[in-house]
Amino acid sequence: MDNLTFVQNVLIFLGLNGVALLGLNIKKNGKYISFAATLIAAITFFAMLFSRDSFTLSELFSLEGNKILLLKIVSVLNVLMILINGYYSLEKVKNSVLMSYMFMGGVFLLGANDLMTFYVAMETIALVGYALVATSDLENSREAAVKYLIQGAVISVIFLLGVAFYLGATNGLTLVGATVVNQEFYAIALGIFILTACFKLGAFPFHAWIADVYSNVSSGNLATNFFISKIIIGFKFITLLQLLLLECDPHFQDILVMIIQWIAVMSAFYGNIMAVVQGQFKRIIAYSSVAHTGYMLMMICLNPDENLEKQLIAYLVLYSLTATGVILILNQFASLNKDKDGRNILKSGFYRNKGLSIMLVIFVLSLGSIPLTSGFSMKYMLFTNYFREGFTKEATSIFISSIVGLAYYIRFVSDLFTEDEVAMKLPAIKTRFSESLVHVIILVSIFTFGIAPSLFLGLK
Amino acid sequence: MDQLFLVKFLIPLLWAIGFLFAPKNNEKSIRLYALIGAFVTLAYSIKMYMDLPDPGVLTTLFKFDMPLFFNISYTFAMDGLSGLLLMLNAFLMLVVVIATWEFKTDKLRLYYFLIFLLTWAVNGSLLSTSLYGFYVFWELMLIPLFILVGVFGGENRRYASFKFFMMTAAGSILMLASMCYMSALAYKFNGSYDLNYEVIKSLGLRYDGFGSPQSLIFWSFAIAFFLKVPVFPFHSWLPDAHVEAPTAGSIILAGILLKLGIYGFLRFVIPLFPEAVSANRDIVMYLGATGVIYGALTAWVQTDIKKLVAFSSISHMGYIIMGVFSQNPLAVKGAIFQMIAHGISTPGLFIGVHYLYQRTHTKKMDMYGGLAAVMPKFAILFFIITAGSMAVPMTCGFVGEFMIIMGSYQVNTIAAFLAATGIILSPIYLLKMYHLTALGEMKHEENKSLKDLSLLEATPMIVLSIMTIGFGLYPKAIMALYDGTINFLVNKGL
Chain P
0 MDNLTFVQNV LIFLGLNGVA LLGLNIKKNG KYISFAATLI AAITFFAMLF
50 SRDSFTLSEL FSLEGNKILL LKIVSVLNVL MILINGYYSL EKVKNSVLMS
100 YMFMGGVFLL GANDLMTFYV AMETIALVGY ALVATSDLEN SREAAVKYLI
150 QGAVISVIFL LGVAFYLGAT NGLTLVGATV VNQEFYAIAL GIFILTACFK
200 LGAFPFHAWI ADVYSNVSSG NLATNFFISK IIIGFKFITL LQLLLLECDP
250 HFQDILVMII QWIAVMSAFY GNIMAVVQGQ FKRIIAYSSV AHTGYMLMMI
300 CLNPDENLEK QLIAYLVLYS LTATGVILIL NQFASLNKDK DGRNILKSGF
350 YRNKGLSIML VIFVLSLGSI PLTSGFSMKY MLFTNYFREG FTKEATSIFI
400 SSIVGLAYYI RFVSDLFTED EVAMKLPAIK TRFSESLVHV IILVSIFTFG
450 IAPSLFLGLK
Chain H
0 MDQLFLVKFL IPLLWAIGFL FAPKNNEKSI RLYALIGAFV TLAYSIKMYM
50 DLPDPGVLTT LFKFDMPLFF NISYTFAMDG LSGLLLMLNA FLMLVVVIAT
100 WEFKTDKLRL YYFLIFLLTW AVNGSLLSTS LYGFYVFWEL MLIPLFILVG
150 VFGGENRRYA SFKFFMMTAA GSILMLASMC YMSALAYKFN GSYDLNYEVI
200 KSLGLRYDGF GSPQSLIFWS FAIAFFLKVP VFPFHSWLPD AHVEAPTAGS
250 IILAGILLKL GIYGFLRFVI PLFPEAVSAN RDIVMYLGAT GVIYGALTAW
300 VQTDIKKLVA FSSISHMGYI IMGVFSQNPL AVKGAIFQMI AHGISTPGLF
350 IGVHYLYQRT HTKKMDMYGG LAAVMPKFAI LFFIITAGSM AVPMTCGFVG
400 EFMIIMGSYQ VNTIAAFLAA TGIILSPIYL LKMYHLTALG EMKHEENKSL
450 KDLSLLEATP MIVLSIMTIG FGLYPKAIMA LYDGTINFLV NKGL
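Chain order of the listed sequences is P and H. Going by numbering that gives the first Met the number 0, the first sequence opens with residue 0, and the numbers climb by one from there. Going by numbering that gives the first Met the number 0, the second sequence opens with residue 0, and the numbers climb by one from there.
Rather than coming from a laboratory, the hints here were simulated on the basis of the structure. We put the CB at the ideal spot given by N, CA and C, even for glycine. Possibly wrong hints are sitting among the right ones.
[What the hints assert, rightly or not] With beta-carbon atoms standing in for the labels, derived distance ranges: (1) L19(H) x M423(P): 20 to 26 Å; (2) E154(H) x I357(P): 54 to 60 Å; (3) R205(H) x M423(P): 19 to 25 Å; (4) D207(H) x E246(P): 35 to 41 Å; (5) N302(P) x Q2(H): 18 to 24 Å; (6) I42(P) x P66(H): 31 to 37 Å; (7) L56(P) x D207(H): 39 to 45 Å.
Input sequences plus hints: build the corresponding full structure.
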C-alpha cells in the first residue's frame, strides 16, 4: 500500500509538472498555473517522504536510510528554490519546471539498484541540465550547452561501455549483491564508472565543461545545478563506488584506489591554481568546485559506513549551499554594475551594503575553512577520515593545495573593503525578502554545522 | 574554576560589538567608549593575573565539554607566561587608543571594532590550552588585522594585507593538517577526536629521523609559528605589513602578535614534541642567529623609517627564537623577558614614527633631521625608547639579549657568537635612525614649524620610556611574574 503511495506520488508529481509545462504555453495566467502546479507537486512529494522510512518498488529501485534523508534535504531546497524563483519573477517559472524534472531524475538515481535505472536517471538529470544552461539567456549559453551536451554524450557512451563490462563481469546489471565472475572486466567497469563520476562531478582532467557552463548559466540555474545535480550525483556515485570497490580483487582495488587518489590530488591542485588566475567570479567558483570535488572524491576509497554517508551528505549540502550563497550575492552586486561578472563588481561593496558584504565574507571564509564555520568542521571531519585510513600523503597534499585556495577566497574579502571611486558612486544595493531569507538559511547552516557538527553527523 | 571567567573573557568582544551600535557622528563619545573599554580590559587582565594561586602552574580558569563539536573538551587556563602576555596585550590596546586618539577616519567605529576584536582573539589564543581553541583564535586573529591593514593602511595596503594573510594562513593550514592527523590517531586509540595535552602525549608519536611522525608534526607547527614570529627566511610579509599598516596595526603586530608564534612554541611545541625539538635545536638556533644579522643589516640600509623599525623586529625576534630553542633555562628566561622588552620598545618606536608622519607626511629619513631643536620632548622620549631597542645597558632591551646570548653560548657557541654581532649592529642602524631624525642640521625649512608633542601625545611615550628604564634597572619586576613558569617549562617541557 505504501509503495503504491510512492508510485502515486511520483505520478502526481509528474502530472502536475506536465500541467506546469502546458501552463507555460497559456498566455493569460499560464505562469500562475505553472507556478502553483510545480509548488504543489514539490510540497506533496516532500510531505510523502515523511510517511515511511523506506520505499521498495522492486529489485531495481529502493530508497532507505540516508537516501531518504538526502531526499528530504533536497526536497526542502527544491521547494525553496521554486518559491524564490516565483517570488523573484514569474518569468523564471520555467526554470522551476525544469528543476522539478531534474529533481525526479535525482530521486530515481538515488534509488537505482541496477545500472539501467541508474543510467536513465543520470541522463534525465543531464538532459534537464543542458536545458537549464541553454535557456539561461546569456551571451554564450547555447554554445556552452552544446559543449556540455556533446561531452556528456561521449561520456554516456563510455558509461554504457562500462555497463557492458559490468554485465560481462557479474552476469547481470544489479548493483546490490552481484557476484563477480570476471575480475578483469569488473575492474575495467569500475574504472569507467570512476571516469564517469569524475566527468559528472567535474574532477580533473574531466572538468573541461565546468568553467564554460558555470560562466554561461544564469545564477538561479547554477544554484539548481548545485542543489540537485551535484549533491545527488556526488552522493550516489561516491557511495556506490565505495560498495563496488569492496568486491574488487585486491590487486585491482589498489590500482583503482591509487587512480582515485591521484585524480583527487590533481583536482585539488588544478582547481585551486586555476581559480586564482581567473578574472570572472563565476569561473572562480567553477574552478573552486573542481578543487572541492578533489577534496571529497577520496571518500570513494573509504569503507562504506552509515555515519560516513551522513558526513558526505553534510559536506555536499553545505558546500553547495555556501557556494550558492556566494553566487547569489555576487549576482546582487553584479546587477548594478556594468561589468556583470568581472573582478570589479565587489569593489567598495562593504560601503554599499554592509549586511550583504558581511554575509559574503562569512560564506567565503567558510569555503576557505576558517574555524567556527561549517567549511572548517566539514574539512576537519573529512580529512581526519583520510588520515585515519592511512592516506597521509594524499591528504597532506590536498591540504597544501588548499593554501592556494585561500588566495581567491580572501580576494573577495579584500575587494569588498577596497574603496573605489567609481563603485562608491553606484547606488546602494537593495536586498529582496526572498534573497535575505536564503542568506539567513545559509548563514544558520554555516554556523550550526560549524559549531555543532556532531549533532547531525553521528560523530563521537 | 573562575565562575566569572566568561564574563571577563568576553569583555573585549562585547565592547567591540558595542561599536557597531555607537552613534556614527559622535566621534568623541566613540573614542571615550574605546578608552574606557581599554582600561577595563587592562584592569581585568591584571586582576586575573593577581588571582592566580600559583603563576608557576597552569591554572584552569574554565573548562567545558563540547559534545556537539567532535566531542572535545575546551579548556581556558593561565599561568605566569600567558598572564604576562595577557597584560601586555591589554596594555598595548590602551596605548593604541591613546596614541591614535587624533587618528582621522570616517570609519572610526570599524577601526575600534577591529582593534577590540583583535585583542579578544589574542586573549583567546593565550588562554586556550587545547589545540582546537588555540587554532580557532589563532585563525580569528588574522581577519581583523587583515581588514585593519586593508582598510586603514597606506597606498599598497591591499598587497600588504593580502601577503600577510596568505603567508600566515598558509602556516595555519599546515598546523591544521597535523591536527587532523593527530585527531585521527586519537580517535583510533581513544575513540575521541579530543586533542588536549594528555591525549597528544599519550599518542606516543615516535621520533626517529626527519620522516617520522613527530618530526613532520613538529615542522608543520614550526613553520606556522616561524611565519608568525617571523623567523628568517619566513619573514617577507612583515616589512610590507608594517610599512602599510596603520599605527594601531603596527603596534599590535609588533607588540603582541609576533610573540604569539613564540608562545605557541613554548606552550605546545616544546612540551609536546621534545625529541623533535632537541633534534632540530641547532637548525633553529642558526636560523635565529641568521635572522639577527639579516634583520640588522637590512635595517641598516633602509631609508624608510618604518621599514627600518620593521627589520629591527626581525633581528630582535631572532634572539628570542634562539633563546627559546636553546633549551637553556637562562636563555629561555631571557627570551621571555625580551618578548616583553620588544613589546615595549618597538611599539614606542612605531608611535614615534606615527607622530613624525602626522607632522611631515613622509617616512623618508632624509626628510627629517635636526628635529630635536623644534621637538625636544619628542627627541628625548624617542631617544630613550631607541636606547631600549638597541639594548643599551640599564634599559630593558639589554637584559633579555644578554641573558639569551649567555644561555645560548652554553649550548651552541657559534650561533651565540653570530647573534652577538647583533649587539654591534643594532646601535649602528638605530643610532643612524636617531641621528637622521633628531640630530644634525635641520635641512628642510618646513620642519622648523613642526610642533612638539602635546601632553596627550607624549603620554604613551612617557609611559613606555619609564618602563624601558624601569625594567632595565629592575628586571626582577617582570621576571618574578613568570619565574615559576620557567621552572615548570624546564622540568616538564625542556
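Status of each hint after checking the structure:
Our hint of 20 to 26 Å for L19(H) and M423(P) holds, since their Cβ atoms are close to 21 Å apart. Distance hint check for E154(H) and I357(P): the Cβ-Cβ separation is about 26 Å, which falls outside the suggested range of 54 to 60 Å. For R205(H) and M423(P), the hinted distance range of 19 to 25 Å is not satisfied, since their beta carbons lie about 58 Å from each other. Evaluation of the 35 to 41 Å hint for D207(H) and E246(P) yields a pass: the beta carbon distance comes to about 39 Å.
The hinted range of 18 to 24 Å is not satisfied by N302(P) and Q2(H), whose Cβ atoms lie roughly 46 Å apart. The supplied range of 31 to 37 Å is met by I42(P) and P66(H), whose beta-carbon atoms lie about 35 Å from each other. Checked against the hint of 39 to 45 Å, the C-beta distance between L56(P) and D207(H) comes to roughly 58 Å, which is inconsistent with it.
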